[in-house]
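**Q** Sequence:
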Amino acid sequence: MTGAKTPSYVLTLRLQTETWQEHILEKRFEIGRSLYNACLEECLKRYKKLQHDSRYQDLAQQKPSKKRNRQLADLRAEYGLSEYAMHAFVQPMQDHFRKHIDSHTAQKIATRAWNAMKELLFGDAKRVYFKRFGEMDSLEGKSNSAGIRFKNHVLYWNGLIIPAIVKPNDVYAHLALQDRIKYCRIVRKRIRGKVKYYAQLILEGVPPQKINQQTGEAKHPLSEGVVGIDIGTQTIAICAPNEIKLLELAPSVEDIHREKRRLQRKLDRQRRANNPHKYNEDGTIQRGNKEKRVWSKNYYQNKKSISGTAKEVSGKTQARSS
1 MTGAKTPSYV LTLRLQTETW QEHILEKRFE IGRSLYNACL EECLKRYKKL
51 QHDSRYQDLA QQKPSKKRNR QLADLRAEYG LSEYAMHAFV QPMQDHFRKH
101 IDSHTAQKIA TRAWNAMKEL LFGDAKRVYF KRFGEMDSLE GKSNSAGIRF
151 KNHVLYWNGL IIPAIVKPND VYAHLALQDR IKYCRIVRKR IRGKVKYYAQ
201 LILEGVPPQK INQQTGEAKH PLSEGVVGID IGTQTIAICA PNEIKLLELA
251 PSVEDIHREK RRLQRKLDRQ RRANNPHKYN EDGTIQRGNK EKRVWSKNYY
301 QNKKSISGTA KEVSGKTQAR SS
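Residue numbers for the sequence shown follow this note's numbering, beginning at 1 and rising by one.
These are computed hints drawn from the structure, not numbers from a lab.
Every value quoted in this text rests on a predicted model; they were computed, and no experiment measured them.
Among the hints, erroneous ones may be present.
As the list claims (entries may be wrong) - In silico DSSO-like cross-links for lysine-lysine, where the CA-CA straight-line distance does not exceed 30 Å:
1) Lys126 to Lys48
2) Lys49 to Lys27
3) Lys99 to Lys27
4) Lys189 to Lys219
5) Lys245 to Lys210
6) Lys266 to Lys99
Based on the sequences and whatever the hints tell you, model everything.
**A** What follows is the structure, encoded as C-alpha cells:
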C-alpha cells in the first residue's frame with residue numbers, strides 16, 4: 001500500500017461510552033485480535049513453504065540485485081505473501097463476524113499482520129509476535145465513508161452510535177474538525193485501572209496553531225535565529241546565542257518505572273504462590289512440567305496495571321518530545 005499523498009495529523013477525542021457499548025467494543029477488540037493472529041499465522045505458514053522452495057534457497061544465496069529482487073517478489077506473490085493476498089484471506093472470517101467487524105476494518109487488521117510479517121521477510125525483525133488476550137488496543141478503518149465513521153462529533157460503527165467529548169472552549173479541536181477526516185481509529189487505554197475509549201481522527205492538512213486561552217496568544221510561536229540541539233537517551237542539550245540549557249527527557253518516567261518494577265515483583269510472588277507445583281524447592285522453574293497454571297483475579301488485575309504503566313511511560317515520552 002502506498003503512503004499518504006497529502007500531509008496528515010491526528011486529533012484524539014474521548015468517547016462518551018455507556019457500559020453496554022463498552023462490552024460490545026471489548027468483544028470487537030477481541031475479535032480483531034483473533035483475526036490478526038489468524039492472518040499472522042497464515043503468513044508464517046506461507047513463509048515456511050516458501051523457505052522450502054529450492055528456487056528461493058538459490059536466490060537467497062545470491063548477491064542483491066534488481067533481477068534477484070524481482071524474482072524474489074514474484075516468488076512471494078506465488079506463495080500468497082502480499083498485503084492483498086492477506087485481504088483475500090481475511091474476507092471469509094470477516095463475513096462470519098460481519099455483525100461486529102466491517103470489511104474495511106478487517107482489511108486494516110490484515111494489513112497490520114502483513115506489515116509485521118514484512119519486517120521479518122526483509123530482515124528488519126528477527127521474529128513476529130502474536131497478540132495475547134487483551135493486547136489488541138486499536139482498530140481503524142480505511143476511510144470516513146464506510147465502517148468506522150465520524151460525523152458531527154459522533155462516532156458510528158456497525159450499529160454503535162457514540163458521542164465524542166468536544167469541549168466548547170477547545171479552540172484547537174474545533175479548528176481541527178474543520179479539516180477533512182481521512183479515516184478513524186478507536187483506541188482503548190487503561191488509565192489508573194480504568195478502561196477508557198478514544199477516537200483518533202486522521203485529518204488532512206497541517207495541525208492548527210494552539211492558542212493560550214488566558215492570553216489569546218499563539219503557543220510556541222515560530223522565531224528566527226540559529227539553535228543547536230543535541231538529543232541524548234535521557235537528556236537534551238540546547239544551545240542558543242543567549243542561552244544554554246540541559247534538560248532531562250521525561251523526568252517523571254523514573255517514578256513510573258519504579259512502580260512497574262514493584263508490580264512485576266508482586267506478579268512473580270503471585271505466580272509462585274498460585275503455582276507451587278511448577279517450581280523446584282530451590283525456586284527455579286521445573287522444566288518439562290506441562291501441568292496447567294492457575295491465575296487469580298488479582299494476578300490479572302496487577303497485569304493490567306503493568307500494561308497501564310507501560311502506556312503511561314509511552315504517553316509521557318511522546319508528550320515530552322512533541
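**Q** Hint by hint, say whether it matches the structure.
**A** These are the hints, each one checked on the structure:
With a C-alpha separation of about 15 Å, the suggested pairing of Lys126 with Lys48 holds against the 30 Å cut-off. Pair hint Lys49 plus Lys27 does not hold up; C-alpha atoms about 33 Å apart against a cutoff of 30 Å. About 11 Å separates the Cα atoms of Lys99 and Lys27, which keeps this hinted pair within 30 Å; it holds. Only pairs whose Cα atoms come within 30 Å are accepted, and Lys189 paired with Lys219 is accepted, the gap being roughly 28 Å.
For a cut-off of 30 Å, the pair hint linking Lys245 to Lys210 stands: about 24 Å separates their Cα positions. Restraint check: the Cα-Cα separation between Lys266 and Lys99 comes to about 40 Å, which exceeds 30 Å; the hinted pair is violated.
When each numbered hint is compared with the structure, violations occur for hints 2 and 6.
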